[in-house]
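Single-letter residue listing:
2 protein chains.
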Amino acid sequence: MFESAELGHALSKGEFRRIEPGLRADLLDAQYALSQDGRFPVILLISGVRGAGKGETVKLLNAWMDPRHIFTSAFDNPTDEESERPPMWRFWRALPPKGKLGILFGSWYTAPIIDRVFKRNRPSDLAREVEAINRFEKMLADDGALILKFWFHLSKKRQKKRLKALAEDPETSWKITKRDWDFFKLYDRFYAVSEEALRETSTAWAPWIVVEASDPEYRAVTVGRTLLEAMSKRVAAPPERRAKKSDAAPLVHPVDRLHILDTLDLSASLARDKYRKALARQQRALALLTRHPSFRKHTVVAVFEGMDAAGKGGAIRRITAALDARLYRIIPIAAPTDEERAQPYLWRFWRHVPRLGRFTIYDRSWYGRVLVERVEGFAAEADWMRAYAEINDFEEQLARHGAVVIKYWMQISKAEQHRRFKQREKTRHKQFKITPEDWRNREKWNAYQVAAADMIERTSTPHAPWVLVESNDKYWARVKVLEALVEALAVRLKG
Amino acid sequence: MFESAELGHALSKGEFRRIEPGLRADLLDAQYALSQDGRFPVILLISGVRGAGKGETVKLLNAWMDPRHIFTSAFDNPTDEESERPPMWRFWRALPPKGKLGILFGSWYTAPIIDRVFKRNRPSDLAREVEAINRFEKMLADDGALILKFWFHLSKKRQKKRLKALAEDPETSWKITKRDWDFFKLYDRFYAVSEEALRETSTAWAPWIVVEASDPEYRAVTVGRTLLEAMSKRVAAPPERRAKKSDAAPLVHPVDRLHILDTLDLSASLARDKYRKALARQQRALALLTRHPSFRKHTVVAVFEGMDAAGKGGAIRRITAALDARLYRIIPIAAPTDEERAQPYLWRFWRHVPRLGRFTIYDRSWYGRVLVERVEGFAAEADWMRAYAEINDFEEQLARHGAVVIKYWMQISKAEQHRRFKQREKTRHKQFKITPEDWRNREKWNAYQVAAADMIERTSTPHAPWVLVESNDKYWARVKVLEALVEALAVRLKG
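Taken in sequence, the protein lines are chains A and B.
Per numbering that gives the first Met the number 0, the very first residue in the first sequence carries number 0; after that it's consecutive.
Per numbering that gives the first Met the number 0, the very first residue in the second sequence carries number 0; after that it's consecutive.
Mixed in with the good hints, there may be bad ones.
Here are the simulated DSSO-like cross-link-like pairs (lysine-lysine), alpha carbons at most 27 Å apart as the crow flies [what the hints assert, rightly or not]:
#1 58/A / 473/B
#2 118/B / 177/B
#3 174/A / 493/B
#4 425/A / 99/B
#5 174/A / 177/B
#6 12/B / 156/B
#7 432/B / 99/A
#8 425/A / 432/B
#9 276/A / 58/A
#10 160/A / 97/A
#11 12/A / 276/B
#12 421/B / 443/B
#13 296/A / 97/B
#14 232/B / 97/B
#15 432/B / 296/B
#16 118/B / 58/B
#17 58/A / 443/B
#18 443/A / 432/A
#19 244/A / 137/A
#20 421/A / 443/A
#21 232/A / 58/B
#22 443/B / 432/A
#23 425/A / 493/A
#24 276/A / 12/B
Don't read these hints as lab results, they were simulated from the structure.
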């Protein structure tokens, strides 16, 4: 990929002076149009070899455009809040909102490439990470982001010359450290690994643009024009109209009448005294596990889904009753805030991912995409269809970083739901739990069951299994919820 | 303050069982009403001696109410992101939004009290911190927050007994460490220091409620009832109507016609060649200062205010041109997001406070409160009047933590503004900078000048001075802005 970036591309200073004013004004216009349009963010990755002028280019872009609306982020060593979360967390928190330009100095490519150069991981690890990156960028692109990835290249000879020049100039010598020379010794290895990573991740939705970086004027104009063209083209594109309609047909046509949720024995129940004993035993076990020394290296991400009145809240409270209040956070899913709406769908869940040694319990979750948004037609089919894979990726990242990811589907019968609705209407401090919307959703019972079955089918993974909970009897359900959590956590901690 | 919390208050288990169900239902109702009301947050501080059941009480509150809408935060050791900001930053980020209950385990009281007990600070330091806390809590209360501060007290004898009991029970022995016994040895000192701190901070707007903590039932019901009563009373209170009207009268009646902004010589200018040289010199000096070893222990918070078209953006760009793009973040003040509107006024500025070694440049700022919001009547008089003191407190906290706080008022003449507006309308890539609103604001020129003069008068402090910049000539203005920054930073870094 680097061949044509060693040809000696250059632009004269005179030519540059002629081009710059117009380019600058056009970029400013495009930035303003982006902001007015507000439909998508622009994500610019600036990567490449040391001494190739990445910093100068970012500075120039900030000078050309309005720096007040550029989100520049650099990724050096992670802070402790970052290193206690999955590696991608720090990038999610740095994503620009829709309508803005984000410049990322260093990115999700840095660690995989460096690890491979220093042989801290295997070739298969790089391949896996490359694939994960492609899926991540696809998700951003599907969500509307314009992604441009610049790689600043220098031939070996030119990089050596450049590092020497920087080291000898008293103005810049502080920039060049022993680490730079150590890296330079591995030039050929960096070349090979980077080329592989770039080749495998230069996609239609997030292409790499390799720029020969030895001539500052050529470099600057290339980046500026590429960015300008991509932004202008996108802003000029007509808004995409994706048909949104309620979808109640199962993804796989049911040839027989067997349905995963129908296999549950909803008559399962537990007597009050047995419940009390079992509950106390499981709560005690859970409390002990949170004091296990390895828990400091893990997290718990628990997800509760189910029909209205299935007992999610009650089950959650039986978990939290066993926990120190400092250890957990419950995230009830409400309408997204405007900051959340300006970001990719999963952003509002990523932001609550727990630190090590903590629980996050989601009361409803990212599965809303393939449940309520599918059934009610709030999301286009293409969007909820891709959500299955995006969700699996997200949960895999959590699990890889030490999270016990556990997901509960709490199943009740339609008759039991009716009974509970009526009861809520009668109980003073439960009245607020029942709204006309609940009755409306109930009319779509079958469509929700179909969506839930598809969801369970497509997102049950070894690292993040669904636990199906027979919930007509609250005692039975709560004990099952706790048992499953205790078991999953014990396996992980003592594994 | 602790006398009546050593009387042996207790509640029988039977009595508790009789009271609990009603109290619980009432609390749940009140929590729901709070959420529906949405006008204010409830901030609950849970403090007191070790072994007094703080954790159990928080757990119980979470069990009684809906834990999904309680924001529980604990403050142990600060993360590195926290310790790189002023001490209050971590508390600001944990404040509950309006309509929600936040329980704070440990608080802004912990460090001042412990530091004083261990004599790491002087009595005068504690007095100063106590005063700062009062002002902080007043600000929260003025902003609408309901603040309740519980202090769990145990007599010396009872604390000893309690620690022993915890240490001997295999279920709880892990909770008691050597540190607890070390603290216990200082019981009398803790008693004296805490009592002083509590007495000085028990205010009408944020009262301390000392609870005798030896009896779990008494403790729980006392907290529950106090909370219930305060919440119910507040929700029932009629919405406060504060008259909002445009205010253009100076705070001090002008006896003569001297005006701080009139003293500026707006004819000050710089020739192009002198400008170029001076600019290059100052930018170089600034770049060098950011590489000074002590800069890693400091931050820069720069604020730009001025009439429309005064040249704020241009001046900011001349600063950032000298900086590595990784080092700064520009915050252009736009309409608050809904997450920001659910918090106290200063919250949206606190969230962008820089880490050590970084700049945050605010393009317009918290001064909007005493400028546009005053002049246009967006804020009630009581609110913008208190803002002067709140802002001084905020900036003092920044400065104490190593920030160079520098504030620019860029002054142009009314005629010069007119010329620039006209010019903007003609220049292609500047057209978006001029809107009908700019013309409307211009009509209130005098009111803005009055508000600016009051602002400068009341918020010019040694730790955060205003720099008045004659800005009719852009060259002059930009060089003056840079010079002031370089000087302030040099003084701070080089002592």
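Query raised in the report: Among all the numbered hints in the text so far, which are the ones the structure does not match?
Result: 5, 8, 9, 10, 13, 15, 16, 17, 21, 22 and 23
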